[in-house]
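Asker: Take a look at the letters that make up each chain.
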Amino acid sequence: MRRDEILNLLYPDIEDDIVVTIMGAVAAELYSIGHRRNFFYLQHAMGLASSMGLGLALARPDKRVVVFDGDGSLLMNLGTLSTLAWYAPNNMIHVVFDNQSLLSVGGFPTATSAVSDLTGIAQKSGIKHAVTARTVDEFATAWRAARERKELSFVVAKVDAIGPKAFHMDLSLLENRFQFQRWLCEKE
Amino acid sequence: MSGHPARHCAVAERVIAGGLATVNANAAEELDIIQFCLMSVSIENSKIVYDALKRSGVKIISALPETWLVHLINMADEDPETTLVRITREEEAIGISAGAHLAGLRSALLMQNHGFLAAINPIVSLSFLYKIPLLMLISYRGHMGERDPWQTQGGRLTEPVLKALDIPYEHLTNAADVPRQIAQAQTLAESSLTPVALLLSRQLMWKD
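If you're matching them up, the sequences are chains A and B in order.
Take the first sequence: its letters are residues 1 to 188, numbered as in our numbering.
Take the second sequence: its letters are residues 1 to 208, numbered as in our numbering.
Hint data in this document are derived by calculation from the structure and do not stem from the laboratory.
Glycine is no exception: its CB is placed at the ideal position from the N, C-alpha and C atoms.
Accuracy of the hints is not assured; some may be wrong.
[As the list claims (entries may be wrong)] Quick look at which bits of chain A chain B covers, simulated, 3 or more residues with Cβ under 8 Å:
hint, stretch
1, 1-14
2, 24-36
3, 145-154
[Unchecked claim] Simulated restraints, written as ranges between beta carbons of each label pair:
hint, chain 1, residue 1, chain 2, residue 2, range
4, B, 51, A, 115, 30 to 38 Å
5, A, 106, B, 124, 16 to 24 Å
6, A, 170, B, 188, 32 to 40 Å
7, A, 168, B, 121, 23 to 31 Å
8, A, 136, B, 164, 20 to 28 Å
Required output: the full structure, derived from the provided sequences and hints.
Answerer: Written as structure tokens, this is what we have:
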């Protein structure tokens with residue numbers, strides 16, 4: 001399964017959600033489908049997309065927060081899973097694109113390619129709804145369930161280690177940041 | 001009280017972090033030690049700090065426990081108007097505050113200076129890069145009067161690192177000044193969209 005298949009599948013659903021992505025292929029692919037003001041691309045600070053998601057979810061319980069994470073990023077901040085499990089914001093969906101590698105920086109393998117299971121780590125951290133999807137159909141089922149249940153949900157999408165042809169995004173970091181903040185303010 | 005003061009605080013810090021379940025075989029002695037340490041942290045001044053944070057409009061407090069912060073953390077925990085987020089590492093707090101800020105909520109970070117040192121990458125690559133204000137209250141361990149040898153290296157480097165990062169900071173030493181200093185730090189963080197640090201001093205937090 002390719003990451004852009006998943007992003008295309010869920011793109012219509014996240015029109016009015018607060019969306020945070022990690023840097024690299026995830027950001028570039030979501031941006032290329034079509035940027036929206038409610039998308040924030042965290043172009044550094046690896047590991048903290050889900051922590052930002054928690055801050056957003058606590059501050060805006062009226063909105064749904066969707067975080068697009070990656071295996072490399074999440075492995076840099078595994079403590080986030082226990083923090084999320086503990087506070088369990090019911091308005092947050094944490095999607096992890098697990099391509100089992102650090103694709104944007106040379107494709108080196110991560111431990112999920114060999115021994116580590118992020119869904120297992122999430123479950124044992126205390127996240128009640130944590131599943132792995134290996135096909136687009138499995139992902140679609142998990143995604144729909146996550147949106148309907150209105151409880152913290154964690155979905156690992158096992159995707160191919162294939163990135164976009166170009167990582168360029170015609171959006172400055174601060175433009176994205178202030179646009180996103182403005183959108184949140186208007187949706188108050 | 002018997003035993004070495006350093007041991008007292010090591011016991012207290014372990015129990016604060018891990019809960020009473022970590023009190024071991026020699027429980028009676030350990031409980032004595034914990035009580036001694038907690039009594040040595042100023043409740044009055046912790047309350048002054050906490051009240052000033054509240055008046056500054058802080059709604060979310062991210063914290064990782066350490067002895068000097070114990071009353072502050074308990075106050076946040078018991079206050080229904082404040083959301084206390086117990087983090088596993090200070091880096092998380094930078095992300096949480098960034099999310100809260102973009103969503104229009106004021107937040108503060110309670111951390112030890114070693115936690116500040118642990119959070120430097122996100123301070124640089126999230127807070128500076130994206131112009132995110134942070135109100136960081138940092139317990140200034142390892143400075144004058146410190147008995148715990150393990151705190152001393154971090155104590156030596158805290159201010160040089162704050163200066164190297166060009167983070168505006170002040171020392172909180174006199175209780176009478178604390179409300180004004182916290183209010184002004186919050187104002188500067190928000191107007192400059194940068195991190196601001198307040199160093200919680202031994203003089204303010206600890207009753208020797």
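Asker: For every hint, state whether the structure bears it out.
Answerer: So, going through the hints one by one against the coordinates:
no.: 1; hint: 1-14; in the structure: violated (count 0)
no.: 2; hint: 24-36; in the structure: violated (count 0)
no.: 3; hint: 145-154; in the structure: violated (count 0)
no.: 4; hint: B/51 / A/115: 30 to 38 Å; in the structure: 50 Å, violated
no.: 5; hint: A/106 / B/124: 16 to 24 Å; in the structure: 23 Å, holds
no.: 6; hint: A/170 / B/188: 32 to 40 Å; in the structure: 33 Å, holds
no.: 7; hint: A/168 / B/121: 23 to 31 Å; in the structure: 24 Å, holds
no.: 8; hint: A/136 / B/164: 20 to 28 Å; in the structure: 49 Å, violated
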